[in-house]
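Chemist: Here is what each chain is made of, one letter per residue.
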Amino acid sequence: MTIQAEETKTITLIEALGQALDDALSSDPDVFLLGEDIIDPAGGAFGLTRGLSTKYGRERVRETPISEQAIIGAGIGAAMLGAKPIAEIMIADFYAVCLDQVANHAAKLRYMSGGRTTVPLTIRGMLSGGLNFAAQHSQSVEAWLLHTPGLKVAMPSTPADAKGLLTTAIHDPDPVILLEPVALYTVTGPVPVGRHEVPVGQADVKRVGADVTVVTYGPCVPMALAAAEELAGEISVEVVDLRWLAPWDKETVLESVSKTGRAVVMHQAVECCGFGAEISSVISENLWSVLEGPVLRVAGANTPVPYATELEQAHMPGTNDLVKAIRSTGEWKSRG
Amino acid sequence: MTSKARRLGIYETMYRIYATDVAMRSLITSGKVSVIYYSPRGQEGIPAAVSAALTPDDYITTTYRGIHDTIAKGADLKEVVAEIVGRKTGTCKGKGGIMHLSDPRVGVMATSGIVGGAIPIANGLALRSQMTDSDAVTISYFGDGATNIGAFHESLNLAAVWRLPVVFVCQNNQYGEFTPRMDSMNVQHIADRAASYGMPGVTVDGNDPDATYEVAAAAIERARAGQGPTLIEATTYRFMGHVFGVDQMEYMPKEEMAAAIAADPVPAYRSRLIGDGEAREDEIASIESKVDREVADAVEFALASPVPDSLDAFTDVYAKGAVA
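Protein chains in written order, with this note's numbering: chain H, 114 to 449; chain F, 35 to 358.
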């Protein structure tokens, strides 16, 4: 746990993100924001940046045209000269229209220059899903980004982690992408009042258990905790919230599964070539001899995300799917 | 700087680009090295003239055919050649090659292998200069083909809206890879595209270094004065096709190529300087032999340099440490 014994205040996840931006703008003159609709009076599609352009001016909280390539490129160039830009990609699906800047440039400029240039850029924005936004506003696109060396990627599940991850991202010397589950924007929790960081690559065991490890992140963490609660007394479930997907905390995951011998990986993204496959593979390669059975995946169906509630629920993984998967691990025969 | 000194400086830069290119092609055709190479032959005058209006504190971004832009901005010739032949001493430690030459010490900030890919980044460099009240100007070099890419349009629009200190220099060499320009756009002058962003657009003969200098100097001055970006279309021609040694250039009409070679900007500018009385033949020859030695030294340095260690493949992915 990274939450120290310090003063906290209970706020929503979206407020925690706004607080991280406010703190960064006030403490570091190199920080600036750019993105679509982020200035007042709207202050972002969901009001996340409300008040910041009024407080810090439109030079440092910059409204842009609807031009994602230009937004990311401007962030990259400014970052190369010492700024700490925070670019907003409003909804994660829009990475599709600027992936060249993200994957071919931000991620690779340090490497291609032999370390002579650096891109301390933060990119943040909403990751939707579960809100009836349909196929082009609901995707969990983390695998697009995780397949690109040079990027760091994080996804929070609590207000405290949201503030900590964003603060760490802003001050990190490499490009960091924060995917913010919009379904959790209104979730409340205690958040440290002062500066708060979540060290790069550090997972958090959100619930300690003995029988099965659930490895998950972002919007599925509350589902995993609900499943663990439902199974309490029957199966003792440990929930590992990765928080950082690149680099990810293999050590904590392997330690947990070494203890439980059983693992289920859950994410909202579609199953095929999703991050769960990578996690599963690493667990299997490292812990083959202690595993009681195969590592299971609970993930989105291999379809586009549908619109109507009934259809979207059928597509998305839920608490019941996870409960079922956790129970099924009990059917494995011990390797004796 | 006197006009004479400036013009001789432009010629020296053109000749440095020319001689380096000749040496590179010779290394490849002789089989001494086997590398992908995009020859700038024919386009020497553009960055030589533009750079004459820049200071070491200004920035550039360019594209895979950008060795001439990089040399003109003042990158270390030894490191540039070493990079292209893939040596540890290269400007990018052998990790970039010709498609990713960069040397931030002299303002060569990024070279992209993606057509048009560095244009949005040029805006960011200019934005940082604007936000820190620096005088620096950024030049974004790219080809005619890049002006059909979405990133070009997004970037010019944003640069105009924010009045960024950036100058977009399109080196219109008439071909996007193997496709003639007019097969892929319906505007005679690429500079006309500037009008749609509310930005000045100027077409200039890129093979005329004096004319190119005047146009570039005015645009750079305008950017430095906070008056915003300009799109310059500098017309030119590509003598060696797309990828040197691979492209057979059947799609380029022979008479068109012959006319371009007859108007070769390097000897043409040399003759003009002598004709204008700026320098005697022997003065020019002495500049050339100095540069020839420099290029020979660079080639010698590159070939004598060690290849990268295999473990170098795993560093520089992130700022600290190697592993994700």
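Hints are computed from structural coordinates only; laboratory data are not their basis.
As the structure is a computational prediction, the values presented were derived from the model and not from experiment.
Please note that the accuracy of each hint is not assured.
Unchecked claim - Calculated Cβ distances over 10 Å to all of chain H for the following chain F residues:
no.: 1; residue: 40
no.: 2; residue: 43
no.: 3; residue: 137
no.: 4; residue: 158
no.: 5; residue: 245
no.: 6; residue: 259
no.: 7; residue: 304
no.: 8; residue: 327
no.: 9; residue: 354
What the hints assert, rightly or not - Derived list of chain F stretches under chain H, where covered just means 3 residues or more per stretch with a C-beta under 8 Å from a C-beta of chain H:
no.: 10; region: 182 to 194
no.: 11; region: 271 to 282
Said to hold, decoys possible - Computed beta-carbon distance windows for the label pairs:
no.: 12; chain 1: F; residue 1: 306; chain 2: H; residue 2: 155; range: 56 to 64 Å
no.: 13; chain 1: H; residue 1: 407; chain 2: F; residue 2: 211; range: 42 to 50 Å
no.: 14; chain 1: F; residue 1: 35; chain 2: H; residue 2: 306; range: 54 to 62 Å
no.: 15; chain 1: H; residue 1: 440; chain 2: F; residue 2: 218; range: 44 to 52 Å
no.: 16; chain 1: F; residue 1: 65; chain 2: H; residue 2: 141; range: 48 to 56 Å
no.: 17; chain 1: F; residue 1: 148; chain 2: H; residue 2: 420; range: 46 to 54 Å
no.: 18; chain 1: F; residue 1: 212; chain 2: H; residue 2: 210; range: 26 to 34 Å
no.: 19; chain 1: F; residue 1: 251; chain 2: H; residue 2: 210; range: 35 to 43 Å
no.: 20; chain 1: F; residue 1: 232; chain 2: H; residue 2: 434; range: 50 to 58 Å
no.: 21; chain 1: F; residue 1: 220; chain 2: H; residue 2: 415; range: 39 to 47 Å
Here a beta-carbon is modelled for each residue, glycine too, at the ideal position from N, C-alpha and C.
Chemist: For each hint, tell me whether it holds in the structure or not.
Modeler: Hint by hint, here is what the structure shows:
no., hint, in the structure
1, 40, "holds (28 Å)"
2, 43, "holds (26 Å)"
3, 137, "violated (7 Å)"
4, 158, "violated (2 Å)"
5, 245, "holds (29 Å)"
6, 259, "holds (19 Å)"
7, 304, "holds (35 Å)"
8, 327, "holds (27 Å)"
9, 354, "violated (7 Å)"
10, 182 to 194, "holds (count 6)"
11, 271 to 282, "violated (count 0)"
12, F:306 with H:155: 56 to 64 Å, "holds (58 Å)"
13, H:407 with F:211: 42 to 50 Å, "holds (48 Å)"
14, F:35 with H:306: 54 to 62 Å, "holds (58 Å)"
15, H:440 with F:218: 44 to 52 Å, "violated (60 Å)"
16, F:65 with H:141: 48 to 56 Å, "holds (54 Å)"
17, F:148 with H:420: 46 to 54 Å, "violated (34 Å)"
18, F:212 with H:210: 26 to 34 Å, "holds (27 Å)"
19, F:251 with H:210: 35 to 43 Å, "holds (36 Å)"
20, F:232 with H:434: 50 to 58 Å, "holds (54 Å)"
21, F:220 with H:415: 39 to 47 Å, "holds (42 Å)"
Comparing the model with each numbered hint stated earlier shows that hints 3, 4, 9, 11, 15, 17 do not hold.
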